[in-house]
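Chemist: Residue numbers (the numbering used here), protein chains in the order written: chain C, 63 to 357; chain W, 63 to 357.
Certain hints may be false.
Which copy is meant is left open, so a pair is good if it fits within one copy or across any two.
Lysine-lysine pairs mimicking DSS-like chemistry, simulated, CA-CA at most 30 Å apart [said to hold, decoys possible]:
1) Lys-64 with Lys-209
2) Lys-238 with Lys-84
3) Lys-68 with Lys-164
4) Lys-84 with Lys-209
5) Lys-106 with Lys-68
6) Lys-321 with Lys-164
7) Lys-308 with Lys-68
8) Lys-73 with Lys-238
9) Lys-305 with Lys-164
10) Lys-194 with Lys-330
11) Lys-209 with Lys-194
Bear in mind the hints are in silico, worked out from the structure with no lab data behind them. Keep in mind that this is a model prediction, so the values were computed, not measured.
Protein chains: 2
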Amino acid sequence: MKSDLKNYLAKKREEIETALNKMLPESPDRIVSAMRYSLMAGGKRLRPVLCLAAAEAVGGNAPDAMSAACALEMIHTYSLIHDDLPAMDDDEMRRGRPTCHKAFDEATAILAGDALLTFAFEILADAEAAEKDEITRQMEIIRILSKAAGYRGMVEGQMRDMESENIRRNPAELEKLHRLKTGALIEAAVLTGAVSGRGTESQTECLRQYARNIGLAFQVADDILNVEGDPEIMGKAAGTDAKRNKNTYPSLMGLEESKTFAAALIGKAVSALADFDEKADPLRAIAVYIRERRR
Amino acid sequence: MKSDLKNYLAKKREEIETALNKMLPESPDRIVSAMRYSLMAGGKRLRPVLCLAAAEAVGGNAPDAMSAACALEMIHTYSLIHDDLPAMDDDEMRRGRPTCHKAFDEATAILAGDALLTFAFEILADAEAAEKDEITRQMEIIRILSKAAGYRGMVEGQMRDMESENIRRNPAELEKLHRLKTGALIEAAVLTGAVSGRGTESQTECLRQYARNIGLAFQVADDILNVEGDPEIMGKAAGTDAKRNKNTYPSLMGLEESKTFAAALIGKAVSALADFDEKADPLRAIAVYIRERRR
């Protein structure tokens with residue numbers, strides 16, 4: 063990873079951590095402890111960083127996108143907590159520590175996920191907005207996020223993933239599944255950033271293309287990591303997909319072909335940013351990082 | 063139940079069913095089937111009816127409150143689906159039919175609840191709003207609902223309820239628990255109705271008092287029903303609270319004292335509406351119905 067991007071990511075992550083910490087301060091309440099346990103467990107913060115970077119790419123200010131960025135991370139975290147539950151993927155480790163239901167219990171994990179999802183919308187509705195344009199943008203962000211996270215987006219993706227267990231999918235079906243399961247929220251991250259940064263329609267359309275390609279590339283890279291990755295660095299076990307007989311790109315098209323596919327997607331993502339100036343450099347660098355990351 | 067109220071409730075319920083049906087049409091998708099299975103299972107529709115009635119009480123139009131009313135019912139339904147899960151209350155019957163996780167499976171029930179919660183906010187953000195005042199009101203509704211449903215409201219109530227199992231609570235603790243678990247959303251129903259109907263600040267304050275009293279009365283009545291109710295009419299088993307050693311008003315203050323308490327709360331609720339004209343008659347009648355209902 064180039065040091066420019068490394069610094070950029072570190073700075074943005076710190077701003078995001080600070081904002082999340084302020085929105086949901088420590089508390090002795092069990093529900094808050096469980097929400098914070100999963101929310102403040104680190105992680106790549108990819109979605110909020112993408113949101114802030116997209117706001118900057120269209121010429122806006124990152125702080126204007128901070129409420130959307132934090133809402134995205136809360137929605138992402140809630141989805142991880144629920145996906146890890148015994149009735150779903152039944153995972154015991156996440157981000158290098160026991161999953162929420164292991165550290166607390168199942169009921170608390172279900173409620174902590176529910177609470178994070180609800181809190182995401184509270185934050186978006188709470189953002190200071192005095193002018194009509196501002197409120198309209200804020201409402202547009204709620205619309206984008208609720209659609210992306212819901213039953214025609216992320217939830218449907220997880221549903222299809224559950225239904226796919228032990229069923230062999232073709233690459234087109236797998237692509238559709240991932241476009242919903244992870245792609246929808248990554249697209250929403252970039253789009254809400256563009257809205258916060260007051261991007262034009264054509265800028266937003268280019269960013270959508272960028273997001274669709276990195277979203278899918280992210281999943282292909284994830285599948286590759288599950289085969290090749292170092293459990294120490296990833297904070298979770300490797301090889302679990304194969305053990306579960308999951309549909310993955312390496313299992314469908316082979317490892318090398320998957321790497322070529324990921325590279326092509328990243329190429330398309332970067333091309334979609336052709337008309338953007340150097341303010342889109344972080345987005346360009348993130349695209350490359352997505353393929354090369356080790357966790 | 064007086065026939066006036068009976069007609070009013072029947073008419074409103076029909077309007078609500080029609081609106082819900084239109085928002086979430088039938089689909090072969092498993093996730094939509096599960097969402098609809100629980101959402102369209104009938105029920106009293108108390109929260110959306112309260113919302114529409116509050117809009118009318120302040121001099122507004124019920125249709126203006128329909129998106130808030132439907133969002134409330136979706137949030138209420140999601141909370142029932144998750145509360146019924148084996149890791150939570152482990153209930154097998156709800157609204158006269160198998161609970162969502164019994165009819166489908168646990169993973170589907172978790173996701174259907176998540177999807178209904180998310181869809182509630184999508185509906186609120188999707189409502190047509192051209193003027194600034196309208197968007198501001200819609201944002202206020204999202205704010206009220208997300209706060210009421212979240213970790214300082216309904217979710218915290220369910221958390222406390224889970225933590226209370228086999229712990230003896232005093233009446234003040236039990237009241238706090240219920241003000242969160244069921245009271246918060248009932249209050250939100252009346253408040254979002256008042257906002258939709260463009261109520262004044264003082265009207266809204268009176269309605270808040272009304273809501274707080276009927277919210278608690280509703281829970282007391284529920285506890286009484288669990289002792290005395292007819293399982294046939296209720297659509298679920300009776301006597302389950304005592305079997306689970308749950309903290310209830312009858313168990314803390316006795317059955318007769320609980321009935322007196324519920325009646326006093328209803329009296330306070332009706333008093334809070336003293337300055338309202340006949341347009342608040344449905345709210346007055348609903349207060350009485352809450353105590354006398356048999357399911």
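Chemist: Hint by hint, note whether the structure agrees.
Modeler: The hints, checked one at a time:
In this assembly of identical chains, Lys-64 and Lys-209 lie within 30 Å of each other by CA distance neither inside one copy nor across copies; the values are 35 Å within and 42 Å between. In this homomeric assembly, Lys-238 and Lys-84 come within 30 Å of each other (Cα to Cα) only across copies, at 26 Å, whereas the closest approach inside a single copy is 37 Å. Within a single copy, Lys-68 and Lys-164 get their C-alpha atoms no closer than 32 Å, and across copies no closer than 49 Å, so neither meets the 30 Å cut-off. Taking the closest pair of Cα atoms, Lys-84 and Lys-209 come within 30 Å of each other both inside a single copy (27 Å) and across two copies (17 Å).
Only within a single protomer do Lys-106 and Lys-68 lie at most 30 Å apart by alpha-carbon distance; the minimum there is 12 Å, versus 56 Å between protomers. When the C-alpha separation of Lys-321 and Lys-164 is checked against a cutoff of 30 Å, the pair qualifies neither within a copy, at 34 Å, nor between copies, at 42 Å. When the C-alpha separation of Lys-308 and Lys-68 is checked against a cutoff of 30 Å, the pair qualifies neither within a copy, at 33 Å, nor between copies, at 54 Å. Taking identical chains as interchangeable, the C-alpha atoms of Lys-73 and Lys-238 are never at most 30 Å apart, the minima being 34 Å within one chain and 42 Å between chains.
Taking identical chains as interchangeable, the C-alpha atoms of Lys-305 and Lys-164 lie at most 30 Å apart whether they share a chain (21 Å) or sit on different chains (28 Å). Within a single copy, Lys-194 and Lys-330 get their C-alpha atoms no closer than 36 Å, and across copies no closer than 40 Å, so neither meets the 30 Å cut-off. Taking identical chains as interchangeable, the C-alpha atoms of Lys-209 and Lys-194 lie at most 30 Å apart whether they share a chain (22 Å) or sit on different chains (23 Å).
In summary, the structure is inconsistent with hints 1, 3, 6, 7, 8, 10 from the numbered list given earlier, while agreeing with the others.
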